[in-house]
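Please work from the sequences and hints to get the whole structure.
Protein chains in written order, with the numbering used here: chain A, 1 to 155; chain B, 156 to 431.
Think of the hints as simulated: they come from the structure by calculation, not from any bench. Treat each hint with caution, since some may be false.
[Stated by the list, open to error] Short derived list, chain A residues pointing at chain B, Cβ under 8 Å:
1) MET1
2) HIS13
3) HIS14
4) PRO18
5) THR41
Beta carbons are placed, not taken as given, at the ideal position from N, Cα and C, and that holds for glycine.
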Amino acid sequence: MQLEITVNGRRYHHDVEPRTLLIHHLRDQLGLTGANVGCDTSSCGACTVLLDGASVKSCTMLALQADGATITTVEGLADGEIPHPVQAAFRANHALQCGFCTPGMVMASVSLLAENPHPDADEVRTALEGNLCRCTGYHNIVRAVLDAAAQGGAE
Amino acid sequence: MIPVAFGYHRPETLDEALALLGELGDEAKVLAGGHSLIPMMKLRLAAPLAVVDVGRLHSLRYVRDGGDHLAIGALTRHHDLETDSLVAQRVPVLRSVAHLVGDPQVRHRGTLGGTLAHADPAGDLAAVAVALDATIVVAGTTGRREVPAGDLATGYFETTLAPEEMIVEIKVPYAEAGEYQKFTRRAQDWAVVGSLAVRSRGTLRVALVNMGATTIRATAVEAALAEGTSAAEAAVEATVGTSPVGDLAGSAEYRQHLARVLTERALLAVERSERR
Ligand SMILES: Cc1cc2nc3c(=O)[nH]c(=O)nc-3n(C[C@H](O)[C@H](O)[C@H](O)COP(=O)(O)OP(=O)(O)OC[C@H]3O[C@@H](n4cnc5c(N)ncnc54)[C@H](O)[C@@H]3O)c2cc1C
Ligand code: FES
Ligand code: FES
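Now the structure itself:
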């Protein structure tokens, strides 16, 4: 079935099998391998992307459910060579170890700051409850999000 | 994991959706937010031959004021319930319960109609519908019918919905003070047990989550409260009529203990907010 989506500002047309999950379409068909698959149970959040601005787990959607939508993946955040403020804050605060959860963490954080530009530490922790970090680097992740908020990361 | 292959239908209108469901009968599953159905299809616990994606029926996503109740479209997402000002004003407990469902990503997709149709006794939002005696509006090719929220689910993942029917609206009576106590082992988890206490139309109502095959109304607690019993004493009755399972998250006995403790906490929180 025909699928038309806009990803990171580019429009794509493909014929997809209905059972194709959005994450597989992004990774295998479009070659955008930023979002990861970390589980089979919709638990880990490594696959988080923005669907019309709101965070979603792309492993728990059919690609066809996103027909006509605008998607942002971690590849679409930076402005050329200039990282997005949330990316910059993750780097400055050592908010990643192996980096597997990072694309999902960053996208969930961008979604949070769009809704709540000045969260406190508790709100950041609650907002990231759907994202697991097997390296357990949560303290620095929370610090990074607070730092990004302080730097006006919502823009 | 990817689902077994299926036929995909994406109606643009409710009539079209109902006609498709009528045609396909029990071969088809409605796909709303997909946050129960797709995980099950990925694990191949569900393998419908056809999927009717109702995601385009934007006219079923609304919260309207009905004078003494809120009329909520079946495709209203959990996140809408968290952020809608009418919900905050008229049924504030619905907002706080919605906020405790899963995680933000889940709440951006999951729908109220979907969670009620899924009929998982561990679902949070059904507690509000059952405690408040909400009315579920169901549409089929032959017309509409209304089902009291307490009569929708008949057992684990079982409802009185026919395969060709769809939930289209949920009418939720106005409520005053309310409190939901959800006990989980980890932040994003489903409730091991949940207890909801809410006042509406003068009386205190209590519903229990994951204490049996369906969401249960704690009528013994309500009766004790009506006789003027204290919260602590009434909460002891919370296990009457329950049949919790034992699993990795807790034994049946532990769940009964939780039901009493959480019900007392919920009742006390309602009392506190009413004294303010
Ligand atoms: C990681 C994760 C954590 C979660 N945690 C929680 C939690 O803590 N608490 C909780 O309550 N829920 C939780 N959920 C479930 C979530 O709330 C689901 O969104 C909800 O249970 C189903 O709603 P849906 O719109 O996604 O339905 P779908 O998955 O689309 O559908 C579910 C079922 O209902 C049927 N259906 C859907 N809409 C209708 C309709 N309008 N009429 C008739 N039938 C319909 C479908 O055919 C299907 O059988 C979680 C889900 C995930 C993935
Ligand atoms: S891959 Fe784990 S939630 Fe999507
Ligand atoms: S940095 Fe390794 S999983 Fe989070």
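Among the hints numbered above, which are violated by the structure, and what are their numbers in rising order?
2, 3
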